[in-house]
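Join the two chains into one complex using the hints; note that each chain is given alone, in its own frame.
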Amino acid sequence: MRSADLLSFNLRLLTRQWFRTLMILLATAVGVAAVLLLTGLGEGARRFVLEEFSLLGQDTLIMLPGRKETTGGLPPLTGEGSRDITLADVAALERLSSISLAAPLIAGNAQVVYAGRNREVMTLGTSARFFEIRELTLKQGRSLPLIPLERAEAVCLIGPKAKADLFGSAQALGQWLRIGERRFRVIGIIEDRGQSLGMDVSDQLIIPVASAQQIFNVQGMFRVFLKVRPGSSMQQARSEIIDLMQKRHGGERDVTLITQDALLGAFDDILKLLTLSVGAIAAISLVVAGILIMNITLISVSQRTAEIGLLKALGASSKDIRLLFLSEAMLLALLGALIGIGSGYALLWLGHSLWPQFPVSVPLWALLGALSIALGVAALFAWLPASRAARLPPVEALHGEVGHA
Amino acid sequence: MIRLEQLCKTYHLGGESVHALDHMDLAIAAGDYLSVIGPSGSGKSTLLNMLGLLDTPDSGEYWLEEQQVSLLNEEQRAALRNQRIGFVFQAYHLIDRLNARENIELPLVLNGTPPKLRRPLIDELLQRLGLEKHALHLPHQLSGGQRQRVAIARAVIRKPALLLADEPTGNLDSHSSNEVIELLEELNGEGITLLVVTHDPKIGERAHRRLWMQDGRLTGENLDAESREGRTGRKDRKGSDDAQR
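Taken in order, these protein sequences are the chains called S and Y. Just so we're aligned: 200 in UniProt numbering is position 200 of the first sequence, and the numbers increase by one with no gaps anywhere. Just so we're aligned: 60 in UniProt numbering is position 60 of the second sequence, and the numbers increase by one with no gaps anywhere.
Chain Y extracted, bound-state conformation (with noise of 0.2 Å):
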């Protein structure tokens, strides 16, 4: 679904380049649930950003969907980011002043989708979610990991194919965080494309699929046997799922 080829960024700081993506190359299969796990700074929010058409890479290719995205306008990004990829972030980074519905709305607002089509959509998903009772708080009556599902919510509600989490968990104390991940590996259990970034090997270990990332290059890849197979031919991921529990 995925593909990269020697994919460069290097952001120029104070007279110092740093190379934040080095010739890298990758590819991702749909439904697919990955870790990229490393220290800060080695480049795995920039390869995050990547993915999801918020940046531009310098050289290289980026396939999604045999789709060359770097050819791809502002524009055409845009709708391609509103459409296909859903975002987590370690921030929620939800709207203040507007409540959880609302929130979950924006990107349906954002592509003008009519508010007869949107509500049966938001009310399946609050209900999904269980956030029904909180459909009408405001961010800050909520707590982080209520949030965080407010967030994903947001994330999902397009029915994106790939999904986007930067240290989603990074917040929370240690029982939300489990829920939010688990939520998480549910979506993935759908036929998601999940991509967590991490820097805590606890959450970086649970998925099938593990990058470790330095300096702008993959360091080293793991990979579990059940994956390994599902990824080979036989998509059987739900059997998957469930010899890892």
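Bound-form chain S, shown alone (with noise of 0.2 Å):
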């Protein structure tokens, strides 16, 4: 039989079925396009998390207290140390020859109060170095005052959806704010950037490092950030800072250092996981697709029994039979897949046109994937009754049942 006969004999027998094919189509359809949604928005969320965590630069260093393994999972994104990391500590990084800045950061959750509103917003004790080394920019007034870090002083900055929640609409350049039981005055809005580290700048208040040592009550740094001189390496920077460290806690490696490149390589590779599962899941519906390709060839076999003994009376081996029942649902699996792929696409397009911060990309292991398993499905289940309807005898099939027409 000509590939071209072929095709037109199951368009016939297709467009004939027309609600059964119609219904075929859909499962199939579903299952492709549930895989390259899914896995379109793994990936997106894998772009987005990674750039994300881009922001931090490539140059930058975080020093957590206490020692942990980074290698193996997730680096630990709080450190309890057995030795504080002093603000005397963070002075003397920052003399090292292969670091540039350093910020020290402590923060937590403070009680924040103006005009009788009151919130709790996440508190950032840190430097003026903070802001060069994360890039934050300010949208009215100015950054922290460039004072000895062990100096307090009542000043803070806002961002702009914390600002919006305690002032509102009004002027909060300058106003006294209450964190905590000290006073602060806001110098400074800051620019909104989004998320940023899992955390939202614009939803933070930034203060001196000593005032909130104050506020919190505490001696040891959360974090320190540390940015790599320029034409220093990476490496060296690392074991002077560890060296440093070591000699200041007298002997002791007890802090953690961070690289953006471990940072996201842990990240890279559960995002990577999870969109894998996602599309894995979605898969099964690809083989409920199947299952029901194999259900509708059988019935489709049974129906047609006068019509299988006729084709081989004129001339039809069971070569041929198997393949015209096979080419069938491969066929049906094929456009089902192609609309599948389509509406996928399309869903995927909306998606990212109503929220176009968020990366949307179908790998193209799971686009070759969904396609291929659909196929694949279809050709498995559809062999058994195909090659039932191969192997019929054709006379008991002729007679079997009494032709319709």
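Don't take every hint at face value.
[Stated by the list, open to error] Covered stretches of chain S, going by a simulated chain Y footprint (3 or more residues, C-beta under 8 Å):
{"hint": "1", "stretch": "4-15"}
{"hint": "2", "stretch": "306-318"}
[To be verified] Cβ-to-Cβ under 7 Å is the rule here; a few derived chain S residues that face chain Y:
{"hint": "3", "residue": "Met1"}
{"hint": "4", "residue": "Pro394"}
{"hint": "5", "residue": "Val395"}
None of these hints come from the bench; they were simulated from the model. By construction, the Cβ of each residue, glycine as well, lies at the ideal position given by its N, Cα and C atoms.
See below:
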């Protein structure tokens, strides 16, 4: 049988039983679209997170108190040290030849009050250096003053969201608000930059590190951001930092250094796995579609018993009959998959236009995988009924059911 | 053209063995017109399926055009069915989603004839059988007689050597019945070997050679004088047909 004849013979069959055809197309299309959608979203999430973390910059190190292993798994984001990292440590670190900037960080939720409005706001205690390292810019006012780290000053910067919560549309610059038990004057408003490192800068207050030590009643740093001097290697900076901290902490290595690469690598692995597993879950719906195809093909074989007998009498071999039924199933799966790919991409495009900051993209392996699973499953599940049709003895097939015509 | 030697076929139905063909010997000459008459269950349908290569014997030999076809495999038998044998069934067995033209086309489609070569063959046959007007009609739009003519057209489109008709008039009124049988006889007149299986004595009587079957055996044979002459030497089919009319 020529392929063109085979195609037109199958198309005739499919259009005649349009409802049945429609249902199988729908099942296959939903399966394929689900794979594309879920992997597209998973891949989008991965890129989103990676982009966020890339903001940290290639030349930045984060130091946490306490020694943690950073290989094999997500590095610790919170460290509990045996010995605090003090402000003196931070100052000493900044004097290292391989380090250009060092910014301490203390973070905590504080009760913030302004004109009777009471909010719990994430409050960061740091220095002016923090703005350089994190590349934060100001919408209004000025940054933290360049004062010795140990000096507490009653000034704060506020994120736009926190500002809207506390002040509404009123002027915030120059106003006094209360953080915990202390009063602070607003000297600047931070530019909104969206989520970064899991923290929304727009919803935060930034105060001098010494003030934060008083409010939260802590001595040790939560983190220290270190920017490596241009020209110095990451490796060199690392060993210098470790050596210095070891010397300062009585010979004990009780800090952990995290690089962006380690962080990104860990997230990348996890998110890739996530994408793969949601894709696999979606692929199950394709297997369900395959079982549907098998049932439909079985019904088709039993309904067309007389036709099979006739075709054999007219000179079709078992091979031809099997090909006929297999190609019917494959044609269905192919059309369904194409519809699924079309609608999957359309939905992703729609989602992207509604939420432009979220990058969506279907990995090539998911596209090819969905297509080949759809076709493979159709071939696999149609094989059994098609072989059954091929084995039908022509005599019994012809007499088993009297033709309808 | 056809020689059956000690052909046997046994069916097992619920623990009971039915000898559908019991050591059958039969020789059929090219261009013959035979009828097989017998009650249902006499094995005549089995004989037809055996001759049409739709069924395989348990034992014995079947020679078709000097070829022992009982040795062929399924693929080879399928090719031979397509090329040398035409079937006409009581229930027509037209595919109801295909129009008359496409139904007739099927054997050519199955053997992979290019569409360009198919068209003139079908056009010629449609015209010959007076079906031009119905070429694009679906089977359910045709009368019984027309459907059977479409089925006959499908059976002879490959110009087979052997035409097997299983109760070809079983579902038809007497007028259509006559038309169909005359068409079959006309084709036989052109040299196709025709074998009609029937339980209708009136149809069976028209054949030149009549076989009676019961319990898988031939129980009687009746030969027309003209036909016997024809088989023994002088191939004067036209004359014998005229004599019959």
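*In ascending order, which of the hints set out earlier in this document are inconsistent with the structure?*
none
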